[in-house]
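Protein chains: 2
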Amino acid sequence: MKSEKEVYSAAYQGIDGAYSQEAIFSYFGEKVKTCGCETFDEVIKKVELDEAKTGFLPAENSVAGTIVQTFDLLLESNLSITGEFYLPIHHNLLVLPDVDEKSIHTIYSHPQALAQCAQFIKRAGYHSQAVWDTAGSAREIRQKKITDGAAIASSQAAEAYQLKILTSNIEDVVHNTTRFFILGKHTAKPAEKNKTSLLFSTRHEPGSLMRCLQQFARREINLTKIESRPDRLHPWHYIFYLDFEGHVEDPVIEQALLHLLKQATLVKILGSYPMGEKYAAGN
Amino acid sequence: MKSEKEVYSAAYQGIDGAYSQEAIFSYFGEKVKTCGCETFDEVIKKVELDEAKTGFLPAENSVAGTIVQTFDLLLESNLSITGEFYLPIHHNLLVLPDVDEKSIHTIYSHPQALAQCAQFIKRAGYHSQAVWDTAGSAREIRQKKITDGAAIASSQAAEAYQLKILTSNIEDVVHNTTRFFILGKHTAKPAEKNKTSLLFSTRHEPGSLMRCLQQFARREINLTKIESRPDRLHPWHYIFYLDFEGHVEDPVIEQALLHLLKQATLVKILGSYPMGEKYAAGN
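Residue numbers (the working numbering), protein chains in the order written: chain P, 1 to 283; chain B, 1 to 283.
What the hints contain is simulated information worked out from the structure, not anything from laboratory work.
Fair warning: there could be bad hints in the mix.
[As the list claims (entries may be wrong)] When the alpha-carbon atoms are kept at most 25 angstroms apart in a straight line, the in silico DMTMM-like pairs for lysine to aspartate or glutamate are as follows:
#1 P/K278 <-> B/D231
#2 B/K122 <-> P/D72
#3 B/K122 <-> P/D172
Model the full structure from these sequences, guided by the hints.
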């Protein structure tokens, strides 16, 4: 008899308490089975091998910009983007249950989180110590029983490592939001409002990007993101990443895609999916 | 009598041995006076206050993508981009002069550098320890006299902290190049080949990005980079960053700019400057 393999609901990069895991819980509810992976690549493999139904990868952050690694991997993978989710990022100061403000000397976290809370740290006169990831800093506080330090991490991490939230929302920056792609093997059903993501490359000649984009403008299709990436295999050539409103099943989108296909040297549809809700204005 | 203030040739973010400092030495030669700053913001301030003649800020990295912080700061500053410089990034394993391979247990560096050398670290069976920046890891090896560890940093950092390069070019990724902007108060003289950078925003309606880009396509001006950024002050609006070949003094570019100005809601020229040389193909 074949032993049944456990299939996780969602894979993500990181350990328990990572912001990516928080995104999954916010999206699916607290009961889903999540699977932390070491790398982005492993997240994609888990879904490809049916060991996870979906994978959550960060696509862009309103402060740090596009996470190009995700797009580079999507170029090579055959998974679809089946959804998007905007997670507002709030940093919390986490300590062991008995520790209070006065005993803290050092703050542990990922360099980016430390940078986003720089003013808070400076005002309090704490020292900073970089670690691999935010959730890892929380785990370290618990495992090493650090009583003169605190971690900057998600509220999820507080729960995962039984830490106390001493102060919440300690970030200096407002509107810190991460957009996640939900990846799967299927394609999403059209919702009321949809978005489509694709990659394309053009001939290396003036106006070629233009002629590609024209197909969308002519049909009044709203572009929501555009970004050029150097093509690693072809020097001086570029790959363009595009998000626009609409679904590949809409006749007007079909027409635009057909014409794009004739202009571009390569087109890869990453997926059509229900438009996610942006929590904070401006992100 | 007024005491004379020292004016640095170039300001950069980081400490001695940072890759940004290496970029300055590669560009100006080893004799320039450099000034390390804590933040990107401080680099800009140094130039604005005439405490440095130029500032070097990273604009994009071929592996990690656009450094959006630089663009966000350029939107607010009145400095010009007076040049660009492509620095190939090579990571080196640095140790104290008497240390050999067998005594190393832990590798210290910035998470991004550790990630870029992950396969090398794994093969050798080393542990990884994240620190604030690459040059900082080299300084730590020297200051704390760490004999069972190594830093991943630039060859410049080896010199700055009198460390030995045990292995060079340990990065897993090829074509790791960082493009730097050289910022100043003046504008650069036209060279044989020039590039221009600008920011613009559009009305929030379908086809508006299109109508802006059309001004360049129509005149066969070659776009070399395009990127959209959410406008933090105006929800659902975007700011577009554009690089193209040519100089603002070229009549054809002048015409394109005039027409762009009529289509866009805001245009900010960041500078025209001599086109930098890309070292490695594909970056």
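Consistency of the hints with the structure:
Our distance criterion of 25 angstroms between C-alpha atoms is met by P/K278 and B/D231, whose separation comes to about 14 angstroms. Simply put, B/K122 and P/D72 have alpha-carbon atoms about 23 angstroms apart, close enough for the 25 angstroms limit, and the pair holds. Proximity of B/K122 to P/D172 is assessed by CA-CA distance (about 36 angstroms); at most 25 angstroms being required, the pair is judged violated.
Hint compliance for this structure: hint 3 is the single one not met.
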